[in-house]
Every structure is written in C-alpha cells, then in structure tokens.
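Participant: Here's the letter readout for the chains.
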Amino acid sequence: MKFLRDLMDKQRPLFEKGGKLESLYYAFEAGETFLFSPNHTTGIKGAQVKDAIDLKRMMITVVIAMIPCLLFGIYNTGHQSLLATGETTGIWENFGDKAIIGLQLVLPIIIVAYAAGGIVEATFAVIRKHPINEGFLVTGMLIPLVVPATTPLWQVALATIFAVVIAKEVFGGTGMNILNVAMTARAFLYFAYPAQISGDQVWTYLGEKTAVDGFSGATALSVVYDAGVQNVNAVEALNNHNSILGEGLFSFANMFMGWIPGSIGETSTLMVLIGAAILIGTGVASWKIIVSGFAGAYLMGLLLNVLAVNEYMALPPQYHWVMGGLAFGIVFMATDPVSAAQTETGKWIYGLMIGIFTVIIRVTNPAYPEGIMLAVLFMNVFAPLIDYYVVKANKTRRLQRATV
Amino acid sequence: MSKIVKLKKGFDIRLVGKASQEIANFAPAQTFAIKPTDFIGFQRPKVLVNEGDTVKSGTPILIDKALDQVIYAAPVSGEILEIKRGDRRKLLEIKILADKTITYESFGKIDLGQDREALAAKLASTGVWPNIIQRPFGIVANPADNPKAIFISAFDTHPLAPDYGFTLQGEEKYFQAGIDALAKLTTGKVHLNVDGSKPVPSVFSGVKNAQVNQFSGPHPAGNVGVQIHHLDPINKGDLAWTVNPVGVVQIGKAVLEGHYDASKVIAVTGSELTKAAYVKTYVGANVSTFVKGNLNSGHVRVISGNVLTGEKINLEGFLGFYHNQITVIPEGDYYEFLGWAKPTASKLSYHRALGLLSFLTPKKEFVLDSNCRGEERAFVQTGVFESVTPMDILPVYLLKAIMAEDFDEMEELGIYEIVEEDLALCEFVDVSKHPVQELVRKGIELIQYS
Numbered sequence: 001m002k003f004l005r006d007l008m009d010k011q012r013p014l015f016e017k018g019g020k021l022e023s024l025y026y027a028f029e030a031g032e033t034f035l036f037s038p039n040h041t042t043g044i045k046g047a048q049v050k051d052a053i054d055l056k057r058m059m060i061t062v063v064i065a066m067i068p069c070l071l072f073g074i075y076n077t078g079h080q081s082l083l084a085t086g087e088t089t090g091i092w093e094n095f096g097d098k099a100i101i102g103l104q105l106v107l108p109i110i111i112v113a114y115a116a117g118g119i120v121e122a123t124f125a126v127i128r129k130h131p132i133n134e135g136f137l138v139t140g141m142l143i144p145l146v147v148p149a150t151t152p153l154w155q156v157a158l159a160t161i162f163a164v165v166i167a168k169e170v171f172g173g174t175g176m177n178i179l180n181v182a183m184t185a186r187a188f189l190y191f192a193y194p195a196q197i198s199g200d201q202v203w204t205y206l207g208e209k210t211a212v213d214g215f216s217g218a219t220a221l222s223v224v225y226d227a228g229v230q231n232v233n234a235v236e237a238l239n240n241h242n243s244i245l246g247e248g249l250f251s252f253a254n255m256f257m258g259w260i261p262g263s264i265g266e267t268s269t270l271m272v273l274i275g276a277a278i279l280i281g282t283g284v285a286s287w288k289i290i291v292s293g294f295a296g297a298y299l300m301g302l303l304l305n306v307l308a309v310n311e312y313m314a315l316p317p318q319y320h321w322v323m324g325g326l327a328f329g330i331v332f333m334a335t336d337p338v339s340a341a342q343t344e345t346g347k348w349i350y351g352l353m354i355g356i357f358t359v360i361i362r363v364t365n366p367a368y369p370e371g372i373m374l375a376v377l378f379m380n381v382f383a384p385l386i387d388y389y390v391v392k393a394n395k396t397r398r399l400q401r402a403t404v
Numbered sequence: 001m002s003k004i005v006k007l008k009k010g011f012d013i014r015l016v017g018k019a020s021q022e023i024a025n026f027a028p029a030q031t032f033a034i035k036p037t038d039f040i041g042f043q044r045p046k047v048l049v050n051e052g053d054t055v056k057s058g059t060p061i062l063i064d065k066a067l068d069q070v071i072y073a074a075p076v077s078g079e080i081l082e083i084k085r086g087d088r089r090k091l092l093e094i095k096i097l098a099d100k101t102i103t104y105e106s107f108g109k110i111d112l113g114q115d116r117e118a119l120a121a122k123l124a125s126t127g128v129w130p131n132i133i134q135r136p137f138g139i140v141a142n143p144a145d146n147p148k149a150i151f152i153s154a155f156d157t158h159p160l161a162p163d164y165g166f167t168l169q170g171e172e173k174y175f176q177a178g179i180d181a182l183a184k185l186t187t188g189k190v191h192l193n194v195d196g197s198k199p200v201p202s203v204f205s206g207v208k209n210a211q212v213n214q215f216s217g218p219h220p221a222g223n224v225g226v227q228i229h230h231l232d233p234i235n236k237g238d239l240a241w242t243v244n245p246v247g248v249v250q251i252g253k254a255v256l257e258g259h260y261d262a263s264k265v266i267a268v269t270g271s272e273l274t275k276a277a278y279v280k281t282y283v284g285a286n287v288s289t290f291v292k293g294n295l296n297s298g299h300v301r302v303i304s305g306n307v308l309t310g311e312k313i314n315l316e317g318f319l320g321f322y323h324n325q326i327t328v329i330p331e332g333d334y335y336e337f338l339g340w341a342k343p344t345a346s347k348l349s350y351h352r353a354l355g356l357l358s359f360l361t362p363k364k365e366f367v368l369d370s371n372c373r374g375e376e377r378a379f380v381q382t383g384v385f386e387s388v389t390p391m392d393i394l395p396v397y398l399l400k401a402i403m404a405e406d407f408d409e410m411e412e413l414g415i416y417e418i419v420e421e422d423l424a425l426c427e428f429v430d431v432s433k434h435p436v437q438e439l440v441r442k443g444i445e446l447i448q449y450s
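Residue numbers (UniProt numbering), protein chains in the order written: chain V, 1 to 404; chain S, 1 to 450.
What the hints contain is simulated information worked out from the structure, not anything from laboratory work.
Treat the hints with care, since some could be wrong.
Among the chain S residues that face chain V by a calculated CB cut under 7 Å, a handful are [said to hold, decoys possible]:
#1 N235
#2 K312
#3 Y334
#4 F337
#5 G383
#6 F428
#7 V429
#8 Q448
#9 Y449
Below, computed lysine-lysine pairings styled on BS3-like, alpha-carbon distance capped at 25 Å [unchecked claim]:
#10 K122(S) <-> K84(S)
#11 K392(V) <-> K184(S)
#12 K395(V) <-> K122(S)
Reference listing, derived: stretches of chain V covered by chain S, where coverage requires no fewer than 3 residues with Cβ under 8 Å from a Cβ of chain S [what the hints assert, rightly or not]:
#13 142 to 155
#14 307 to 321
Where a beta carbon is used, it is the ideal one built from N, C-alpha and C, also for glycine.
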C-alpha cells in the first residue's frame with residue numbers, strides 16, 4: 001500500500017490551495033479518504049480520542065444489509081422471466097440461466113444509477129465546495145432495487161439525476177435533505193413515466209419471447225385491488241392467480257419468500273427481514289421506526305377488516321406485510337435517518353403513520369396500487385412537524401420545572 | 001432526603017493504562033505554573049508579580065480585573081521563573097521554580113462562625129476560591145453570590161480517572177472542614193454525590209453537614225452536571241456552585257491550617273507509560289519528571305486531564321489547575337489503508353456497526369490514539385447523542401441552536417444545564433465528527449455575554 005500512499009502524497013499539492021487543480025480538491029479528497037483513513041488528529045482541547053466509526057462505515061453497513069435483497073432480486077428476475085415463458089416451473093431449475101438473465105438486467109441498472117448519481121454528486125461537490133457525501137453509496141443501491149427490471153436505463157439515469165439534484169443537493173447535500181432521495185427517484189419515474197413502472201406489463205421480463213397463454217403480469221396488489229372491485233374473496237383471488245404457471249403463486253408463503261413479480265429488490269419479505277436484522281443488529285437503523293411501521297400497517301389492516309365494505313378491506317392484515325414494497329420501504333427507506341423523524345418519540349409516531357398511510361392508500365385509492373412510496377414521502381414532509389412537537393414538549397417540561 | 005439515582009444511558013471508555021493504587025517515587029516536579037487559560041471566563045488578567053520575585057505558597061500572583069476579589073495564588077514557594085505571553089501579549093503561563101521545602105503565606109485559621117459574606121471574602125483571598133465553579137457557564141464563582149445549592153461529585157467516571165477514595169485517604173478531617181465551610185456559603189444544601197455501585201470510601205462515609213446522594217451507571221454518571229440535573233436542575237436565573245473533592249480538601253486545609261496548601265495526589269495514566277501510578281505533587285506541576293523516562297514508545301500525546309475533556313500539553317507542559325490526572329496516549333497522525341472498511345476488534349466503538357461483537361468482551365481495555373477516524377460531515381445519524389446523555393436534553397437540537405446562534409432556542413433547550421464535559425461523550429461517539437465541546441462553549445459564551 002506504500003506506493004498508493006506515495007502516489008497520493010505526490011499528487012496532493014496539485015489539489016491543495018494554490019495548486020493547478022485546486023478546484024477539484026473535494027474529488028481528490030473523496031478518493032483519498034476512500035483509500036486511506038486520514039491522518040487528522042484531535043484538537044488541543046476537547047475529546048482527545050474518537051470513536052472508530054465514521055459515516056463511510058455506517059453507510060456501507062446499509063449497503064451490506066441490502067445485498068440479500070439484491071442477490072435475491074437478481075435471481076428472481078430471471079426466475080419470473082422463465083416462469084412466464086413456461087421454460088421452468090421449479091424454483092431452483094435452470095439456476096444458471098436465471099442468474100444470467102437477472103444479472104444482464106439488473107447490473108446495468110446498478111451501474112447506471114451509481115454512475116449518473118456519482119457524476120452529479122461529484123459535480124456539486126466541486127462547484128459548491130463541500131465534501132462528497134457517503135450517503136450516495138446507499139442511494140445508488142436503493143434506486144435500482146425499487147424499479148422494475150425492465151425499466152429503460154435512460155429513465156434510471158434521469159430519475160437518479162433528478163432525485164440527487166432536487167431532493168438532495170438543492171438543500172445542501174446529505175444531512176440537509178427533507179425527502180428520501182431514492183423514494184424521490186421512484187416517485188419521479190412513477191409520475192413522469194407511469195407506463196414503465198405501473199400496470200401489468202412491466203414486472204416480468206419477457207425479452208423476445210412470448211408468455212404462455214393465460215399469463216397475467218399483474219402484481220399481488222393489483223390482483224387484490226381487482227378482487228375488491230369485483231367483490232370476490234381477496235385471498236382466494238390471490239391463490240387462484242396465474243394458476244397456469246403453478247399452484248399458489250401469490251400464496252402467503254410464496255409472497256413472503258418473494259417468488260413473485262415486482263420491483264427488483266422489494267419482492268422478498270424474508271430478505272428484507274434479513275436486511276432489517278443487519279440494520280437493527282448494527283444499530284444503524286432505528287428499530288423503533290421498523291417495528292412501529294409494521295405495527296401501523298397491521299393495525300390499519302385490522303381496522304379496515306372491521307369496517308370492511310369490500311373484499312380488499314377484508315384482506316387479512318398480515319397480507320399487507322408481504323405484498324408490494326411495504327417491508328422494503330419501511331426497513332430501507334423510512335429509516336433513512338436524515339429524512340425520518342429525529343427524536344426518539346417522534347420515530348414511533350413517524351413509523352406508525354407510514355404503516356397506516358400505506359395501507360390506507362393501497363385500499364382506498366384507485367390510482368396508486370402501491371402506497372408505501374407516497375406514505376414515506378408524505379411522512380418525510382411531516383417528520384419535522386412531529387419533531388417540532390416532541391422538542392416543544394421537552395422545552396415545556398423545562399419551563400414547568402422552573403415555575404413550579 | 002438523600003437520593004438514589006440509577007442511570008442507564010452513557011458509555012464507559014475502557015483504556016489500557018489505569019494507575020495502580022500506589023504512590024510512585026517519580027522525581028518531584030521542579031517547576032509549576034498557573035495558566036489563566038485554565039479558568040474559563042477569565043477576562044482581564046493582571047499579574048501581581050515580576051520575573052525574579054520570590055513567592056510563598058499562597059502569595060497572590062494573578063487576579064482577574066473583572067472579578068478582583070478572587071486571587072490566584074502561587075501553589076508553591078519559590079522564584080517566579082517566567083511570565084510567558086503569546087500572540088498579542090496574551091498571558092499564557094506564570095512559571096515558578098519551586099523551593100526544596102515549601103513555605104506558606106499564613107493568613108490565620110478561618111473562623112466558620114462569621115457570616116456568609118465575610119467568610120466568602122476571606123476564602124477568596126486565600127487561593128482556594130477558584131476551586132468553586134459557578135453553574136451555569138462553568139466559570140469561577142463570584143464570592144458575592146448566594147448559590148441555591150453546592151454540588152460535589154465524589155467520584156470521577158472519566159476514562160482512567162483517579163480514584164478519590166485513594167487519593168484523598170487520610171484527608172477526612174480536611175474534607176469535613178471544607179464541607180462545613182461550603183455549607184456556610186449557601187443558604188441551600190450541600191450535595192455530596194457518591195458512587196452507588198461501590199462501597200463509599202472512608203473519606204466520604206462519615207461526612208456530616210451535607211446531603212449524601214448515590215449515583216450509579218456508566219460515564220457520565222460521575223459528572224456533576226448530570227447529577228445536578230437529577231437533583232435540583234438549573235433553570236434560567238438559577239445559580240449553583242460545584243466543587244471537586246480535591247478542591248474541598250484544599251478549602252478545608254485553608255480553614256484548619258490557615259494557609260494555602262496546593263498539594264494533591266494525581267493519577268499518571270495511559271497506555272504509553274511503563275508505570276502508571278499515582279504521584280503526590282502540587283497544583284500546576286510540570287509533568288516532564290513523571291512522563292519522561294517512563295514512556296514505552298516515542299510518538300505520544302500528553303494530556304492534562306482525561307481523554308474526553310483534557311487538554312493536549314507537551315512533554316514539558318504543566319498540569320491544568322482543575323486536573324487531577326495526566327494521560328499519555330499514542331499520537332494518531334497516520335494514514336490507514338481502507339481504515340474505515342476493515343473489520344477489526346482492536347478499535348473501540350460505541351456503535352455496533354463497528355463493534356458488533358464487542359458485547360462478548362465488555363471488560364476489554366483498548367489503546368486509543370488521537371486519530372480522528374474520519375472526516376467532519378453534516379449530522380446524519382440520530383438518536384445516538386441522546387443515548388449517551390443521561391439528561392432530559394436533546395443534544396442535537398441544542399447544538400443546532402448554537403450553530404444558528406438562536407438565543408431563545410438555546411435557553412429553552414437547556415444550555416444553562418450543561419458545560420463541555422456533559423456532552424463530551426457526544427463528541428466521542430459522533431459519526432459526523434463535530435467539535436461538540438467547542439460548540440457548547442461557544443453557545444455558553446453567546447448566552448453569558450449577551
């Protein structure tokens with residue numbers, strides 16, 4: 001590693017004040033600090049030692065937590081594709097083919113997301129003279145996981161650029177943003193190019209091939225929604241869906257495992273829970289938000305059961321956990337510490353409301369079958385308000401103490 | 001009514017190099033210094049001596065013209081060696097070359113029967129007064145004030161902190177006299193807060209004239225600011241005083257002996273020392289005789305105080321007025337290849353993202369160096385500061401109010417209740433590496449001088 005260090009030391013004067021490439025200092029700094037933890041020491045006064053953690057370590061932990069979802073998503077993309085064309089029925093059949101199809105579709109999306117976002121991030125860092133923020137490590141991985149594998153790459157690039165600029169950099173970069181960056185990217189795609197991110201045609205990659213007769217590309221959410229409209233039992237509708245491809249494609253167990261069509265990383269509740277275990281185990285994400293998010297969805301589902309006027313409302317609440325992106329959204333998006341509520345009490349309320357709103361939007365809104373996206377963005381906007389009241393309560397306690 | 005408070009929030013930083021319970025025979029310090037920079041809020045220094053003058057222990061050598069009743073005295077007898085000034089003639093140190101045997105300026109035994117004002121004025125003229133600190137702000141107390149209570153933390157939970165049960169043994173008589181004097185200075189109570197998780201050391205066990213409270217839990221349970229918060233919190237307009245037990249003994253000695261005895265036992269600690277032990281010396285001692293020749297590595301940082309709140313001094317530096325400890329750790333000015341990514345068990349972290357399995361070895365002691373372990377970033381992680389601050393305070397909101405210089409917000413969020421040391425752990429655990437203690441002081445000064 002000595003030669004790398006020497007190389008860095010040799011190039012450093014170029015980027016420092018007065019050097020030829022002074023304006024690119026933060027690009028150099030990003031590269032240098034990625035390779036080497038810097039030699040900064042603590043000041044004369046104050047804490048003389050520091051905790052070994054830094055933001056890079058924290059962010060990479062989130063990326064690691066997403067890896068199970070990513071790997072599963074890659075394989076499931078291939079699996080769904082071959083399943084629809086009738087080339088496979090078993091989950092582990094044609095393992096290599098499925099993995100290759102998945103990789104062919106997913107890898108380019110990841111590369112495009114990281115490249116597009118990285119360039120924007122670096123450009124802003126250089127122009128605005130702030131360090132390149134590690135938060136993008138996470139965003140760049142989240143965006144591919146919340147879009148269908150068939151999304152055109154230019155749309156991925158456009159959405160990423162839009163989200164990084166509008167949702168983050170205009171506010172001053174990581175730590176200052178109000179909205180979750182990855183959710184903003186998805187919302188952008190959803191409203192700008194609805195044809196490529198909603199409906200029945202986008203979730204399963206078919207390529208040049210044709211699907212078997214009677215195949216439906218609908219997601220579980222739209223199946224349940226239709227059941228509500230046609231007034232047939234929602235659970236039966238799920239169980240009977242796409243029976244041409246095999247038994248119980250949308251059974252609870254299968255949806256929990258994630259062998260269903262959907263956005264790349266969000267289908268498997270099991271993999272999301274593994275990610276949640278990593279995030280909670282390492283203390284990176286707030287368990288309060290995760291627990292209250294799932295609880296909110298369940299409670300709202302129960303409440304709707306009581307009030308049920310159609311079959312969707314009568315759906316057993318646990319189904320909400322395994323359909324669509326709820327689990328993924330709560331674990332990876334809602335817990336983004338910057339856009340979430342920042343007080344401990346606020347986190348309970350924030351998570352709970354996300355769960356509640358997700359289910360309300362799903363069940364009552366005909367236009368958006370998936371509720372988590374809007375619920376997270378909505379609560380991102382309201383998080384400062386929640387915090388405001390929690391902080392106010394703290395101030396009031398202090399004031400009351402003084403006057404007693 | 002004595003109180004028992006069990007605290008859960010906080011974090012003990014376990015370091016290698018705890019002082020063994022013995023008085024080491026290090027060569028005695030030759031020179032001593034009084035540093036005005038040790039006294040927070042010291043405004044207009046006036047030096048009362050010249051280079052070459054001879055002084056006794058207790059001779060006034062310095063005053064703050066903004067609070068001129070309080071004198072700052074020579075801790076030892078000897079000759080004024082140097083009056084060191086820095087940029088723009090800022091007074092840095094008054095160095096004294098100590099005599100072989102210390103002689104004392106005698107002001108006669110102090111009668112505790114006199115009224116509060118007279119006693120305060122008397123103590124202010126003896127050299128022991130700067131041991132009394134005023135909250136809010138953490139500045140030297142004004143003898144004219146009447147605090148609502150006086151708080152003494154009888155234990156120190158900082159990393160490698162000295163054990164007052166050991167350093168003050170045999171001082172029972174003086175400690176009690178100090179408490180008696182303090183009890184005269186307030187119309188409120190004197191609170192003596194002991195460590196509830198251990199047997200109470202003899203010096204504190206028989207104390208009368210004070211309310212004895214028990215605190216237990218991880219650091220910062222021993223911080224007097226945290227204790228005040230749970231006993232009798234400071235609101236806007238309140239005034240409380242705090243004294244370190246070592247200061248209480250010095251006050252007691254002034255009362256009973258009629259002279260300023262600045263001797264104290266300090267802990268010489270840290271991973272880079274061959275022998276970590278206690279040593280008997282005086283306030284402001286030059287540390288070189290304790291450290292040089294006692295090092296097991298070359299590239300070190302010498303800290304007056306502990307690693308959380310101390311001050312970097314060099315090998316020829318002097319012990320700070322309020323410090324009862326020096327710590328020697330490795331200097332951390334090196335690069336580390338992929339230092340942020342490597343899995344490791346040798347680094348200490350409060351966060352499980354780095355120390356995932358650290359719960360398996362809760363008693364493990366670490367060698368920490370002065371490396372910052374990362375670069376400064378915006379606030380990202382939430383909830384961590386709260387989890388190391390056992391007070392009903394929202395540190396991040398308070399710090400943001402300070403950054404925004406929002407006076408009302410700072411007051412409402414509790415700036416009066418804290419000084420630097422109370423949020424020192426936040427600075428340690430901060431993922432984004434903010435200078436938390438510096439910010440706290442900035443906020444306090446904004447309020448204090450507004």
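Participant: Does Y449(S) pass the interface hint, meaning its C-beta sits closer than 7 Å to a C-beta of chain V?
Facilitator: Violated: closest Cβ of chain V sits about 19 Å from Y449(S), beyond 7 Å.
Participant: Check whether three or more residues of the region 142 to 155 of chain V sit with their beta carbon closer than 8 Å to a beta carbon of chain S.
Facilitator: Violated: only 0 residues of the region 142 to 155 of chain V have a Cβ under 8 Å from chain S.
Participant: Let's test the interface hint: is any C-beta of chain V closer than 7 Å to that of K312(S)?
Facilitator: Nearest chain V Cβ about 5 Å off; hint holds.
Participant: Given the hint that K395(V) pairs with K122(S), does the C-alpha gap stay at or below 25 Å?
Facilitator: Between K395(V) and K122(S) the Cα gap is close to 40 Å, so the pair fails against 25 Å, i.e. violated.
Participant: Holds or violated: K122(S) and K84(S), Cα atoms, limit 25 Å.
Facilitator: violated (29 Å)
Participant: Have a go at the G383(S) hint: is there a Cβ in chain V nearer than 7 Å to its own Cβ?
Facilitator: holds (6 Å)
Participant: Holds or violated: is the Cβ of Q448(S) closer than 7 Å to a Cβ in chain V?
Facilitator: Violated. Min distance 18 Å.
Participant: Given Y334(S) as an interface hint, is its Cβ closer than 7 Å to any Cβ of chain V?
Facilitator: Holds - the Cβ of Y334(S) comes within 7 Å of chain V, reaching about 5 Å at its closest.
Participant: Report holds or violated for chain S covering the region 307 to 321 of chain V, Cβ cut-off 8 Å, minimum 3 residues.
Facilitator: Per the Cβ count (0), the hint is violated.
Participant: Restraint: F337(S) near chain V, CB-CB cut 7 Å. Satisfied or not?
Facilitator: holds (4 Å)
Participant: May I ask you to test the interface hint for V429(S) with respect to chain V, counting a Cβ-Cβ separation under 7 Å as satisfied?
Facilitator: Result: holds, 5 Å to nearest chain V Cβ.
Participant: For the pair supplied as a hint, K392(V) and K184(S), is the alpha-carbon distance within the 25 Å limit?
Facilitator: violated (39 Å)
The structure fails hints 8, 9, 10, 11, 12, 13, 14 (numbered hints given earlier, in ascending order).
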